[in-house]
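Given the structure of chain Z, go ahead and fit chain P with the ligand onto it with the hints provided.
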Amino acid sequence: MKKLLVLGAGTAGTMVTNKLVHYLDSDEWKITIVDQEETHYYQPGFLFIPFGIYGENDVIKPKRDFVPPGVEMIVSTIERIEPEKNRVRIAKDNRYLNYDFLIIATGTNIDPSETPGLLGHEWRKSIYDFYTYEGAKALAKRLRTWKGGHLVLNIAEMPIKCPVAPLEFIFLADWYFHLQGIRDRVDLTLVTPLSGAFTKPRAADMLGNILEEKGIRVIPDFNIERVDPEQKQIISYIEQKVPYDLLVTIPVNMGAEVVEQSGLGDELNYVPVDKHTFLSTQFDNIFALGDAASLPTSKAGSVAHFAAEVFTENFLRYIDGLEMIHAFDGHANCYIESGFGKGILIDFNYDVEPLPGKFPLPGIGPFSLLQESEMNHWGKMMFRWMYWNILLKGKEMPITAQMSMAGKWN
Amino acid sequence: MTAREIAGKVVDFDDEGFLSNPDDWNEEIAKVLAGEVGIDSLTDRHWKVIEFCRADFQARGEPPTLRRITKTGGVPTKELYSLFPKGPAKKVARIAGLGKPTGCI
Ligand SMILES: Cc1cc2nc3c(=O)[nH]c(=O)nc-3n(C[C@H](O)[C@H](O)[C@H](O)COP(=O)(O)OP(=O)(O)OC[C@H]3O[C@@H](n4cnc5c(N)ncnc54)[C@H](O)[C@@H]3O)c2cc1C
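In order, the protein sequence lines correspond to chains Z and P.
Mind the numbering: the first sequence is residues 1 to 410 in the working numbering, read in order.
Mind the numbering: the second sequence is residues 411 to 515 in the working numbering, read in order.
Hints should not be assumed to be uniformly reliable.
Straight-line distance between alpha carbons at most 27 Å, and here's what the computed DSSO-like set of lysine-lysine pairs gives [unchecked claim]:
hint : chain 1 : residue 1 : chain 2 : residue 2
1    : Z       : K147      : Z       : K200
2    : Z       : K200      : P       : K501
3    : Z       : K232      : P       : K496
Don't read these hints as lab results, they were simulated from the structure.
The following block holds chain Z by itself, in its conformation from the complex (with noise of 0.2 Å):
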């Protein structure tokens, strides 16, 4: 028997799990997956839980549900990858696992301990982060009796998963503060390393004039050393201090422990692997899939989708010992939500910037790319119907894994 390991359980370890059952003949093979939790986390929906938009139910199910019949599921914790000796120690019974193949799938995570200041009494009093389940439904119970005064939304420092969530976020609170009745009493500003409000040109400039109409402060360039929670200030590493009255932070985004104790991270614990094909540079054995991987585009779940969709075809011409000739692009595919019940799409990859037009139909849509509209928002509502009931269950979506240029103009 030749054995397949994946190591965590999230959104791109199920979905490839679930891709590949139906190709590799359960006489030869053995498909192990692990991961710590029992619980499965929709996290574009963390965005929503602040707001009282979503709760436990619509972001929470058990991880089991999406693990296919025939794969074994060990929840534990990952100790150590030997990749030397090709196999991975789990804190279960001090067990060995054993492998041919290894897909490490761990994800990233936020780190508040990276920044001083972060973690300590205001934690969760007037520091919040929404990246967590925990910290989203703490934050959501503040901003019920939040009377109003200076939000600051900081970003600590790129790269983060969903780099547009933060815009999101502040959309929606200026929505939400509006819906309060309280608008006129909180500034929102945005605090980021970045030079605008996204990473890429075009998309940067259009969402920076919705900030602007919307009355949403932005302090680019920023780069945060500490935290004051006495005098409730941000500071910067030019010492450059940026008050709050309620900070919400996403914290520096980080790999697993694992990786970086496995001696297979970078400087932020993410996997270096071929952009193309996700095979790690240093062993030919081992591929990184999902946030784990250090690749130049977004972290994110469609990102992982449609990596997967190419790592799978690929992946069934290298254990039969042929070339990889599928090439991931770096596709990415991600709704914005705008707030008052609307939404932008972006859809860009490695090479491509986001750009105007129509999705995924040219001319005809029913989503307009870099573009406010109503029907994006839905977009974005159903992605998580979409999510649990296609995306996880590695079942096709009528989406290409490779970006298109039709229906884009520049």
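Here is chain P with the ligand on its own, set in the frame of chain Z:
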């Protein structure tokens, strides 16, 4: 792309003033480029960072991020900001003759 004379050599620059070809670089060019971004003299500490970035670029094909310079190159972030005020990662890349860091996506 535009060619201009710098430290007695004619070399190509991209639209944002980064050297187009890292192989055109030499230490004299670095000094002039540093002056252009407001750094009048390059100290040993500056050179340590520049040399790390050049070597890292050779090995990996892209200019290092700030975190990489700190963690792998061993120069604290705060010091990087005093050596190369405002965007240090961008400034070093420019002085070291590397392309503009893509850094974030
Ligand atoms: C607020 C927010 C909004 C977002 N919005 C969007 C969006 O609109 N669209 C979009 O496409 N994407 C969005 N994303 C991003 C998306 O959720 C992630 O990119 C996606 O989940 C990545 O999948 P993954 O499998 O790589 O990582 P994950 O889904 O995070 O899975 C990693 C798994 O590894 C496990 N693991 C890690 N370390 C260990 C260990 N040592 N031992 C055992 N198990 C371990 C974890 O428990 C986890 O289950 C958003 C994310 C956030 C936080």
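Verification of the supplied hints:
1. K147(Z) <-> K200(Z): 35 Å, violated
2. K200(Z) <-> K501(P): Distance of about 20 Å is within 27 Å: holds.
3. K232(Z) <-> K496(P): At roughly 24 Å apart (the allowed maximum being 27 Å), K496(P) and K232(Z) satisfy the hint.
Against the hints set out earlier in the document, a violation occurs for number 1 only.
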